[in-house]
Amino acid sequence: MTRSDVQLMLEVRAGDDASFEFLLRKYRAPLVNFLFRMVRDTATAEDLAQEVFLRIYRARRQYAPSAKFTTWLFRIATNLALNSIRDNRHRKMEVSLDAPANDEDAAPRELPAREMRIDERLVEQDRMETIRRAVASLPEKQRAAVLLHKYEEMDYAEIAKILDCSESALKSLLFRAYETLRVQLAPLIAQPVAHRAAEGRPS
Amino acid sequence: MKCEDVSKDLIAYLDRRSNSADRVEIEHHLLTCAGCRARAAEFRALWGMLDAMPAVEPSLGFDARVRQRVAAAGGRGWRGWVLLQPRLAFALAILLGASVWMAKPPSAQPGDMASGARSFEAIRDLNVLENYDVLTKFDALSELVPAGLPQASAQPADDSGGS
Numbered sequence: 000m001t002r003s004d005v006q007l008m009l010e011v012r013a014g015d016d017a018s019f020e021f022l023l024r025k026y027r028a029p030l031v032n033f034l035f036r037m038v039r040d041t042a043t044a045e046d047l048a049q050e051v052f053l054r055i056y057r058a059r060r061q062y063a064p065s066a067k068f069t070t071w072l073f074r075i076a077t078n079l080a081l082n083s084i085r086d087n088r089h090r091k092m093e094v095s096l097d098a099p100a101n102d103e104d105a106a107p108r109e110l111p112a113r114e115m116r117i118d119e120r121l122v123e124q125d126r127m128e129t130i131r132r133a134v135a136s137l138p139e140k141q142r143a144a145v146l147l148h149k150y151e152e153m154d155y156a157e158i159a160k161i162l163d164c165s166e167s168a169l170k171s172l173l174f175r176a177y178e179t180l181r182v183q184l185a186p187l188i189a190q191p192v193a194h195r196a197a198e199g200r201p202s
Numbered sequence: 000m001k002c003e004d005v006s007k008d009l010i011a012y013l014d015r016r017s018n019s020a021d022r023v024e025i026e027h028h029l030l031t032c033a034g035c036r037a038r039a040a041e042f043r044a045l046w047g048m049l050d051a052m053p054a055v056e057p058s059l060g061f062d063a064r065v066r067q068r069v070a071a072a073g074g075r076g077w078r079g080w081v082l083l084q085p086r087l088a089f090a091l092a093i094l095l096g097a098s099v100w101m102a103k104p105p106s107a108q109p110g111d112m113a114s115g116a117r118s119f120e121a122i123r124d125l126n127v128l129e130n131y132d133v134l135t136k137f138d139a140l141s142e143l144v145p146a147g148l149p150q151a152s153a154q155p156a157d158d159s160g161g162s
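Protein sequences appear in the order of chains R and P.
Residue 149 in numbering that gives the first Met the number 0 sits at position 150 of the first sequence; the count goes up by one each step and never skips.
Residue 52 in numbering that gives the first Met the number 0 sits at position 53 of the second sequence; the count goes up by one each step and never skips.
It is possible that some hints are incorrect.
Some but not every residue of chain R turned toward chain P, in silico, with C-beta under 10 Å [as the list claims (entries may be wrong)]:
{"no.": "1", "residue": "D46"}
{"no.": "2", "residue": "L53"}
{"no.": "3", "residue": "Y56"}
{"no.": "4", "residue": "S171"}
{"no.": "5", "residue": "E178"}
No lab work stands behind these hints, which were simulated from the structure alone.
Glycine included, each C-beta is placed from N, C-alpha and C at the ideal position.
For reference, chain P alone in the conformation it holds in the complex:
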């Protein structure tokens, strides 16, 4: 076997994919040809270097974008994908439940109604509250003489000194 012939089948040999007849011939050639032996060793080293090349990972949104494109192309609707994704379905159910609970109007309590009525009464008597000081210190009331009492005794004490 010549070097050119070996070159043609060297990759398959190193890959362990050559047939047994070719393998024997190549091995025999490699024993006698230092150039081809060195080349074979370098190919092996090259493959080792290629193996060490780091791999990339698809981004987190990759699956979602595929689903989106499939749905946009007339594939399954969003319901189909949700059914395939139990965690997504669970999260959506929780979100829906929370939204309904938060949007619910507060129910009327009996205590609240009584409190409301009291507030209304207070507003109605606002004039009374505003004049509370005047009304509590209204001395004119004390000047009123109860029926049956003598007029003189009903005079206030500070009037006795005369003005």
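Same shape as in the complex, but just chain R:
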């Protein structure tokens, strides 16, 4: 039988460390990903993700299932990321629009979907870096909203709770964020269609 996150957390509260281990394994990857996209540095993202789990564990005895577990988890993560950015502790790692990409460590490990020629790979890397920079250049709250909406696939009510705003404000926030990205990435958005047309591939 699959136990819900709330059930698992209630078991952690009762002293079951195996349930904490289960939650750790389930959420470490999405959490590290979310934090990496927020702070743009793998080491900082991992450090903050560890801090999130530590805070969850410390607060286990006071845990009350008033909201979804992920709301709590990502609310802690978002606050830590926003504080980290605002404290300028990781200023040097933050994206600069006229600076090259971060060090290689910050580059995500990825497997190409298919074997690409070297020129294709370079073009794709350049494309991905442009998208990353565009997302990273969004105001922090907009960025968090986009990441939670796009990658965590959360509903508006949950994202609004995490970001401590109304659903209406969240919709507006999301629209502004996507509109900014749409304008910034307009050349890339038009490119795939032209690229596929030139290669004679179906879209």
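Starting from the structure of chain R, add chain P where the hints point.
Here is chain P on its own, set in the frame of chain R:
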């Protein structure tokens, strides 16, 4: 519905999260407004691009560092984590067993004791061994005349020629 109103609900519409009344209105507007239709198509393309962004993987030591921090913060001790990790417990047991086996002093064998005694005897007779050549070629022994034999016959042959 005006373009500004559509903009407000366009994300929810594309996300299939708008209510049916809004959906009908937006669809009607998109049929008549080329600008909003193009924007909607670009949002879809943008989401496709964001989906293609590669994900990062937590490093191999991530779980261990979380456990370390939890333990340092007064959480469970190392025993608790070991119990949760059967493979780690097995590896530790193997390591402990191997350490005990390697640290065990060699047991005394009867053959070894006899060999040791022989070595001791050899050391004690070291003077004899060192003078082995002298003792084996000691001609003075051959000069000894056994009792009852005549003195002349006991003379060495090389002495008969006189010196």
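Quick rundown of the hints versus the structure:
At its closest, the beta carbon of D46/R sits 9 Å from a beta carbon of chain P; the interface hint therefore holds under the 10 Å criterion. For L53/R, the interface hint holds, the least distance from its beta-carbon to any beta-carbon of chain P being 5 Å, beneath 10 Å. The interface hint given for Y56/R is met, as the beta carbon of that residue sits about 5 Å from the closest beta carbon of chain P, less than 10 Å. Taking 10 Å as the C-beta cut-off, the interface hint given for S171/R holds, the closest approach to chain P being about 7 Å.
Given the 10 Å rule on beta carbons, the hint for E178/R holds: about 8 Å separates it from the nearest Cβ of chain P.
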